[in-house]
Structure formats: structure tokens, C-alpha cells
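> Spelled out, the chains give:
4 protein chains.
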Amino acid sequence: MTVFRHDFRVRYAETDQMGVSYYANYLVWFEMGRAEYFRSLGINYTDYEKQGLFLPVIEAHARYYLPTTYDDKLTIEVAVSEFGKTSMKFVYRILKEDGKKAADGYTLHVFIDRARKPVRVPPEVLKKTPIASLDC
Amino acid sequence: MTVFRHDFRVRYAETDQMGVSYYANYLVWFEMGRAEYFRSLGINYTDYEKQGLFLPVIEAHARYYLPTTYDDKLTIEVAVSEFGKTSMKFVYRILKEDGKKAADGYTLHVFIDRARKPVRVPPEVLKKTPIASLDC
Amino acid sequence: MTVFRHDFRVRYAETDQMGVSYYANYLVWFEMGRAEYFRSLGINYTDYEKQGLFLPVIEAHARYYLPTTYDDKLTIEVAVSEFGKTSMKFVYRILKEDGKKAADGYTLHVFIDRARKPVRVPPEVLKKTPIASLDC
Amino acid sequence: MTVFRHDFRVRYAETDQMGVSYYANYLVWFEMGRAEYFRSLGINYTDYEKQGLFLPVIEAHARYYLPTTYDDKLTIEVAVSEFGKTSMKFVYRILKEDGKKAADGYTLHVFIDRARKPVRVPPEVLKKTPIASLDC
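Residue numbers (my numbering), protein chains in the order written: chain A, 1 to 136; chain B, 1 to 136; chain C, 1 to 136; chain D, 1 to 136.
Simulated from the structure, these hints should not be mistaken for lab results.
Take every hint as true, because none was put in to throw you off.
Pairs involving identical chains hold if they fit within one copy or between any two copies, as the list cannot separate such chains.
Here are the simulated lysine-lysine pairs, DSBU-like style, with alpha carbons at most 35 Å apart:
hint	residue 1	residue 2
1	K73	K127
2	K89	K127
3	K127	K85
4	K117	K96
5	K85	K50
6	K128	K96
7	K50	K73
8	K89	K117
9	K101	K89
10	K73	K117
Okay, chain A solo, but in the shape it has when bound (with noise of 0.2 Å):
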């Protein structure tokens, strides 16, 4: 299994007057969907932080299918699509309730220090991380 899946409820704050989801939150999700699936390969991303590693984004991109609203239950899948010497690229999916996708995108991210300079991949990840696509 290299795609992961992480459910989560559309929040009351995340909707507009448009009666939708707001479209920046969904970059919100996929940071969220980053974090749980970090977490389900045993990356502790917030102890390469406090080494001095960062992995800020420098390009995102999210395509809107179809609209989500407010308590909806939505799943998002995350998988690692890419690494390059100092990068890694991230594809996602968002999903509704019935299976159709509401939306998808990707972040590309690099590996930084303090000084924000790159830095290569850490070994444990590309260790851990399985490459994967979703079919977008």
C-alpha cells in the first residue's frame, strides 16, 4: 500500500459565503495530509526541526472538481511522487464521502537548513518513503 488515506470533517471556519469550502484551506488539508502520512511511515518531522532541517514548500498546485461544504467527512490521499537531490514532490487527492474527487494537486518542497540553504534528503527518508503515483 503506497497510497495513504486520512479522513477528516470539513470545518465550519473553512467555508465562505459562497455556502464552500474556501479554496486556500484545501493547501491546509494537504499539509495536514503530509503530516499523518509522515507519521504513518515513522518520520518525526518535527525532530528535523529541531535539528535545523526544514522542508518548506516552493511550488503548490490544487485543481477543484467539485465543491465540499461544511461536516462534510472527506478523505485525503497522500503519496510521495518524486525525489530529487534536495526535493521531494507530494500528489494528493482529495476525496468525497461517495469516492468522487473533489479536488487534486501536488507541493514540491526542499530540504533546508538554518541558514535556508538545501540540504540532501535525509537517508530515513528516502528510506522509509515508498514512490508512488495517484491516478489525477
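Assemble the complex: chain A is given as a structure, and chains B, C and D must be docked to it using the hints.
Coordinates of chains B, C and D only, in the frame set by chain A:
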């Protein structure tokens, strides 16, 4: 002048524990830029919503070049780069106070009615909005 | 059991540059606690909104005792401490994984109709919701 | 003039499906008001953080009188109503464009060092900040 500019300050709420602006907030700033741009063109988006016309995002993209942080005075540049029959595309740049580019991106939108059916771009919007590009 | 408990994780988006959860997010968590509590009682708030009945906040209060940070597993405790003719009061506690209190607070709400006129608490809500207090 | 005023627009991101500004965002606006007020007094909060002095919120309160909505031009009034040895209290009012009060509230803060130990209010802050109240 076809590129619109709007200045704003990074809020404390918009930072994260990395000490920089959280990546999803750039999409909130894009939206703020769109709103201010429409206002400057004499287009009242709120009136369109009251008439049952909405302009949701169907695709969003952002690239991050330089971190921004609390209280930074930033400038967002906004332009409309193209119209489709029912769609329009906004392009953005976020500049730091020294003029360096912190981020850029685009959003693609479709005009829909209350039933979420795509409808033609309103003539007023076509007429009042110049087509322009940003050097991204 | 009149005190409801719900577990959640602090998101990266919810931290700020002080390295802790931003204070306004506790109100978002209070709202998430209310939603989960209503669900556990078999009350469907979304249905009420569809019928034109809303439950906005008219007063909110929070006290912060201990910082919480990214990825912390927190527990929110929720109870309803009183009903008025048209109003109800929720009380909350946010606990850290070791059981220590990170924050507490309350929100006061009024049921209103589409014209924003206060209306009586729905009998279903009165019937299904126990009155309880939290040791704050 | 001891009451500071700052104008701002409600963002689309700040609305919810009730069609009004989400209640937690008022605390974000309070924080924006504090930041702008400090700036107007010539106090650089960012410098304090760089020196290891922080001003977290230990209590927050808000009352909501009138809804505000997307694109509303609002005014936040900010004053400092009292100092303790290590603490200070801000009071706020949010006014609609017609001058009507949408919300008011307060936040209580404590100055702390990197070890989270309370420290005395910096003399510069005491000297530059007038004590005032808002007619709430």
C-alpha cells in the same frame, strides 16, 4: 497601466513556526488582490453574487521564491491574462519591499449560476478588464 | 457522561512564529468541538441551517494556560452549561496529552432566523442536550 | 488622541457559509490592530522578539453585536487600558462604515522571555503607550 498593485502587511496569524508566512496564505492574498483589482476597475463582485453569479476557483498555482515574514510590507501585483467563454485567468506576483519577487502564481475561475452551471463572462467584466501579463 | 471529548492534532497552519498555536485558532477548535458534540447527540446543525435556523456566536471567551504546538495531540472537552429562551452557552477545555489544561473558555450563542431575529431554542436541542459544567 | 484607528476590508477567506465574517477572525483583526497601534507609537514588536521578548495572549474576549460581511470596510479602534508589572491589556472596537459597533473585546498579554518566564513590561513600552479606555 494594466498591472494593478496593492500593498499590505503580513499578519502574525499568517506566520507559522518556521518563522515565515504559511504557504496557503498566499492564496488568500491572491484573493485579496483580485478583490482590490475588481474594485479598482469599478466591478462590484458582491453585486454579482447577489444576482446569483459566482466566480469560484477551479485551479490555483503558486511558486515561492523568497520567504516573507511578520509585518513585512508586501505588494501584490494582479492582472487578468485571458478570458474563455465562461472563464478567466488571474496572474499574480508578490513583491517584497525591496522589489524582489517573493512568489508568483495564477488562478483560473469559471462563472457559474446558483445551480453551479457555467455561464458566460458578464459583458461588463469583459469590457472593463484589460488583458495583461506579468513577467513571471 | 455529560462532558464530551474529541481528540485532534495541531496543524502546521495553526502555529505562528512564536512556535506555538495562534490564539484565534482555539476559537476554531471550540467550533470543531461544538460540531462534534452536536453530532454525538444526534443533532444535525446543517439541517437547521437548511431550514433557516442559525446559531451565531454573540460572545466568546478564552484563557490560555499552557502553549500548544505543531502535531500536539490535544483533547477538547465540550459541555452545554445553560440554556436561555433563545440562547445557549457552551463551555470548553483544551487538554494536552498529559492531561494538563492548555486553555478553557466559553461561547454564547443565539438562535436566529433568516431575518436575524432571535427565535426559541428548538425543542429537539433542549431535549437531547444535557446541562453540565466543566471544572474550569 | 489616545484611541488608535485602523481601516481594513473583510476578505472573502474571512467569511463563512452563514454569509458573515467568521467569529475567530475578529481575534485576528484585534492582533492586526495591536500591530498597527504599536507601529504608530514607534514600538517595533519584531525587534522585541529578536531580543527574546514575547507578548503572548493569556486571555481573549469578544462580543458580537452586528454581523460584518465580505468587502465591508471596517474600522478597528485600539487602546491600552492598563498595565500590570508584567502584563498589559488591550481593548478593541470594530466599527462598520456607518459608525455602528459590530464587535468589541479585549486581550490580556504577559511579557515573557525565551524560557516563558514573565518579565517586566519594557520601559519603552510603558513610556510610549498612553492609557485609555474605549466606550464599550
